[in-house]
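K.L.:
The chain contents come next:
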Amino acid sequence: MGLMPGVLIWSGRIGRRVVGLVVTALIGALFAATLVRLAPGADSDERDFDPRFSPASIHALHESRAADRNLARYYVTYLRGLAHGDFGVSYSLKRPVRELLADRGLTTLRLAGCGLIAGWALGLALAIVATQWKVGGMSTFTSGLSAMLLCVPAALIGLLVLAARAQWWWAIALIILPKVYSYTRGLLEKVSTEPHVLLARAKGLGRGRIFVWHVMPSVLPELLALAGISVSLAFSAAIPIEAVCDIPGVGQLAWQAALGRDLPILVTITLLLALITRAANAMADIAIAALHGDAQREATV
Amino acid sequence: MRNVAIAVLTIIFVVALGADVLSPASYKEQFRQAPNAGPSAQHPLGTDELGRDRLSRLLYGSRISLMLAPAAALLATAIAAGAGATAGFLGGRWERTFLSATDLSLSLPWMLFLMTVRALLPLDVAPAVSIAITFLLLGALGWAGPARIVRAAVVAMRRSEFMLQARGSGSTGFRIVLVHLLPNLKPVLITQFLISIPVFILSEANLGLLGLGVAEPMPSWGSLLRDLERFSEVRSNPWLLAPAVMLVAVVICFQIIARPKDLAT
Amino acid sequence: MKALSLLLVSVSLSVQAAQELRFCLRNEPKTFDPALVEDNASETIRYLTGGVLMRLNRLTQELEPELAVSWKVMEGSRAITLHLRENVKFSDGTPFTSDDVAYTFRRLMDPALHSATGDAFRSGEGNLEAIVDGPRKITLRFPEPVAGLDRMFDQAAIVSAHSSNRDAAVLGPFRVKEYKPGAYVVLERNPTYWKRDSAGHTLPYVDAIHLDIQQNREIELLRFERGELQLINTLEPEHFERLSAQVPRSVYDLGPGMNSEFFWFNQSAGAPIAPYKKAWFQSTVFRKAISESINRDDLCRIVYRGHATPAAGPVSPANHQWVNAALKPPPYRPEQALRELAQAGFRFANGTLSDQAGHRIEFTIVTNSGNQARQRACAMMQQDMEKIGIKLNVAMLDFPALLERMNRTLDYDAVLLGLVNVDIDPNMQMNIWLSSSSMHSWNPKQAKPATVWEEEIDRLMRVQASQLDYRKRKAAFDRVQQIAAEQAPIIYLVNKNVLSAVSPVVKGARPVPLTPQTFWNAERMTLDGPGSQSSH
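As given, the protein sequences belong to chains A, B and C, one line each in that order. Those letters in the first sequence? Residues 4 to 304, per this note's numbering, in order. Those letters in the second sequence? Residues 586 to 850, per this note's numbering, in order. Those letters in the third sequence? Residues 7 to 542, per this note's numbering, in order.
No wet-lab data here; the hints were simulated from the structure. All C-beta atoms, glycine included, are put in the ideal place defined by N, C-alpha and C. Keep in mind that the hints are not guaranteed to be accurate.
Here are some chain A residues pointing at chain B (derived, C-beta under 7 Å) [said to hold, decoys possible]: (1) Thr27; (2) Ala35; (3) Thr37; (4) Val39; (5) Arg40; (6) Ser60; (7) His62; (8) Pro156; (9) Leu159; (10) Gly189; (11) Leu269; (12) Ala277.
Where chain B lies over chain A, by a calculated footprint (3+ residues, C-beta under 8 Å) [to be verified]: (13) 88 to 95; (14) 176 to 185.
Extracted from the complex, chain A is given alone in its bound form (with noise of 0.2 Å):
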């Protein structure tokens, strides 16, 4: 019987979260539309100079694009397409975007996703080796290593990625990887200085046991939300991979559709990348919520 109101709340908070997470997107989409439009050149087209094309097929190419001059009425009608699953039809690709995004989607979830992974594992293994394994140059050998990852472009790293015949998503990886390892390792070296770990070493606790039991949990909330952003982080880095690697994922065809103007593509591609972001945030808030409570535990050790 106590179990009704507890999943009557739960079911209510992520009732709340889903609305949430829907409301976003769809503001997230409005904002991308509205820069679109804002942008300069949305009304232009490289067929405007193109000799070949009449006077007359150049005015219609403009006329069929005066319906979505007026954002609202374009907001509108975006929406209710929405609504059938109709994401528009690419303005420069003439296919709709749904067709478009399908045909992409899966290489570019590879990419970001074993990119994401391999880059946490490294960032985190690297982070962990520099401040626990105090062996000569170790942790200077890994700042370098990290620096020079950070100060190379990343179309740099993906030709070099190519050049190693290696997987494409070793790009993604490597530019996460930096940014893991400082984060990491900035925290462990400063948690290692907090009383609660300097007591747990007088104690006398072995150093493994220190380091799960005491040190992890000080450092999992900033972690965690690390990890949620760096989800858009993932996906934000496969826009210029792609695009400069010419690996045919939705990070090239947003890349494409920036320069083009292509109103359709950038509204639903932000929507999705909202939706996405969002839900990743959401959990990493989630976990860290849980954890406010053996925060106070530890604490008190």
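Once you've looked at the hints, dock chains B and C against the given chain A.
P.N.:
This is chains B and C only, laid out in the frame that chain A set:
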């Protein structure tokens, strides 16, 4: 180790500031008889595709990037700290609004906003103004991710022992933030600042595709680094890596300096 | 045992003999409908899969019969009668008849379709008349005479009128087998292709063409070096140097192409720029002086690594038919330029040039970002202008923003761009030369010609459009080129050379300056044994 880093950084800063005096040639003079030349006595790092002295361009580019990138990084970190700490501390509706704002900020196509800014600027805007605006925008737009991390740290601290103590002793909100919260956020904020410097330098170069950033003939570190994308040439002319080496050195020096002094085992 | 090993060897040989030519498309093809082709990538696919009535031989620049065995242009270039080839089938087996030609052209000329190819045939209002005279003969009558009518048929790929699957039915040497959006297009041999070589073998020789969609030239070069690609249609000058050092037999400098790089000043009366600037830009002396203060030889030598020549005017020397051979590129003589500017009232003092009212001569040139060659050209011109006291600012914008300034707001001083895939026939550039046109770059949409010389150009372009005699057309267009050189509304900089790379394993390739440079005779190209790759 720390002193070495400080010394190296000081040398680099001094050399960059003294670019006018120290450069072997003007950064824009094209020695058209010797394009793509290798290192020589006259041109220690060789010349670029238009015959301009690479070393001079590196020094001038350093001046711009070394001054503006840390400033932009500071701005981004400050906004992140302020927004994140406030949201985490106040909680409730403020926090929820903050979280939605960060999610939106992380997913919007800001490239278009930057293009609009470029369009609003006059075409013949002074290069100094253009690049200052570029870094300003980078600083202002990069707050969302780090702000979330700050907020997470604050949330964790909210219930912690010393916060309860501080509240119990009657400190006001502002004092709590200043005296207790911010010092504990130091590792996150410092890391954020350190990461932002190279990220902004590289982003400035990418913004060149949108018309922002430096204009010819001015060099910037970012634009010099973009030259590395011509992979095939770098393999045969390794001195092209000089800007990258310098940037890596600067970043490592910053990292060493920023590391906490006393590291107990 | 011996028989078995022989069998195995012959099996492996035949497996190895599956030949696939691999090269890159620079962009995603926007359409597979031959009538709607506008971009390069779609054009490549149309060239390889579409059957045309007459084909312009890219090597000899002569028109050759393809699906039409003979033709006759009549009624003052207003109509054309075509005799069609027999026993030709579409790739799905449907027979090819004059109905298909009629259907294709009716569709192309449909004003609602807004086809670039169709618009080229439409020289006036009215509809096309297609008179079918049996399955092998058809007469097409256009609303107005079309200059250079027969040569335009090279662009019109014939589609099937009766096939149940029109998209898949083609008449060219290849047909589309697979398309992975954003990644690649695979073309396979068309089993019903009618053409045979002199020995009677069916064409094409290769079994398939694999087109990767690759924008990054560095990656394309890397893959060519690795042997993953066999052709690079247009090569960057730096990459040319690199490849010629590594594999000298693989690179070709085919001499000047049809493309040109140029810039122009904003001469629009309604432009939102300062009136004193308008006065400069509208002064012919000013424009010509600027033109003569640019060191074009240095541009060719440094920016294009010697793979370009200074341009004399709008028509490249590669266009033998239409170039005005009497015109020479403007000489580099900055002192002379300063003298002429002084005579026009400009003052050169303390290293700066000012006009009569004392304004320092300073303007901004805009070009599209992402094009390194143009960026470098602007930087070089900056230094050239400095020598005569002019301060040149360089601004880079992304293409849509640039177009907006050029076309709508007219808020710019000067724009640097280039023309690519220029058509041979001057009639295709009517829209640039007519002062009333929206594409008349320096002063678009004039209600009536703003200057005497623009009025003259309008008249001459109309003359060449209405004339059918080549000599008369050439005389008129020669005069247009001469006026362009005298008045310099557009300052032409260089004609880029056509640079291509063909892997030594490819046999039968004859690279030419006309597009498509390396694979215009793809149906007759083969690959050597070890170099051929099979598709994944």
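K.L.:
Hint by hint, which ones does this structure get wrong, listed from lowest number up?
P.N.:
3, 5, 6, 7 and 13
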